[in-house]
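According to my numbering, the residues represented by the sequence shown are 1 to 317, in order.
Keep in mind the hints are simulated off the structure, nothing from the lab.
This one's a predicted model, so the numbers in the text were calculated from it and none came from an experiment.
Mixed in with the good hints, there may be bad ones.
[Claimed, not checked] Pairs of lysine-lysine, DSS-like flavour, derived with a Cα cap of 30 Å:
| id | residue 1 | residue 2 |
| --- | --- | --- |
| 1 | Lys130 | Lys66 |
| 2 | Lys190 | Lys115 |
| 3 | Lys45 | Lys287 |
| 4 | Lys127 | Lys115 |
| 5 | Lys239 | Lys87 |
| 6 | Lys122 | Lys239 |
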Amino acid sequence: MFIYTNIKIKIPDSFENKVFDELFEILEDVNKNYNSYSKNSYIDKINKNNGKFVQVNEETVNLLEKVVHFSEIMNGEYDITIMPLIKLWGFYKENSDKIPENLEIKKIKKLVDYKKIIIDKKNLKVKIDKNQEIITGSFIKAYAIDKAIQKMKELKIDDAIINAGGSSIVAINGWGIIVENPEPEKKLLKNDDGKILKITKEKYEGNDEYNDLFEIEIKDLTYSTSNQVNTFLEIDGEKYGHIISPKTGFPAKNKQIGIITENAFFGDMISTGLYNQTPKNFHEIIKKLSKEIKIEGYLIDENGEIHYTDGFLEYVK
């Protein structure tokens, strides 16, 4: 799974095409060295040598330290050692026709614990517990585009946008972004001021263009989003998404989350971790995060109700 295959970059046409070569070289470097799916990456070596210390570089140490820090803030609902649970549910099988037994989930959950990632910063070594496995899919594209954005700024590119598969969008200068309805076949309930309150159970008969949630405008910021529209299992007619709660061992039931931050790497992790939260916990964790970083967002819960942070609607056009 190569991270750069669905990354789109727009820059002013006054820059030569060779700029793209430089930017995609950065993306390839991150893919090669830090993507858990890339053979012989530092993360791949940690996974294959689970239970033993693995020699890494300083960037791997810094990367994992930040991941662990945000896992702590989100009360363990974000955990990159979630891979055994993802496999248990059958996301890496051709066919998955049954929900895992509670005893199976309970057993595998014991392997999911970010606190068991041991980072030896002095000697640049990392170890995970026996049979643990790290997955980087929730942050690796975002980490790569942050590095590409830094390069663009060094090249004096002052108007650009990078779209990493729709899950992370970073704007240099000001750009408008259409936020799509995760259930476009259903109507949106709005108040008199046009604020969307809920995705209803009623069928939407109109043009999809007019059933988007809203358009936001960001300037030198990142929009990160998580939903399970395209990645899910269908078992006995029920859809189960790929974002699984480390606490319950079951796929989260919320419909969508959107986060605005100054850093795509942080935003991607946060949108994944907060996807597992109740509306109450969503607001509490955002409040805690706001002491460290600039952050606003919204959560669409399993009932279709939309919960906004105080400042999010300031970005809605």
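Going down the list of hints, with the structure as the test:
{"no.": "1", "hint": "Lys130 / Lys66", "in the structure": "holds, 22 Å"}
{"no.": "2", "hint": "Lys190 / Lys115", "in the structure": "violated, 43 Å"}
{"no.": "3", "hint": "Lys45 / Lys287", "in the structure": "violated, 36 Å"}
{"no.": "4", "hint": "Lys127 / Lys115", "in the structure": "holds, 11 Å"}
{"no.": "5", "hint": "Lys239 / Lys87", "in the structure": "holds, 16 Å"}
{"no.": "6", "hint": "Lys122 / Lys239", "in the structure": "violated, 45 Å"}
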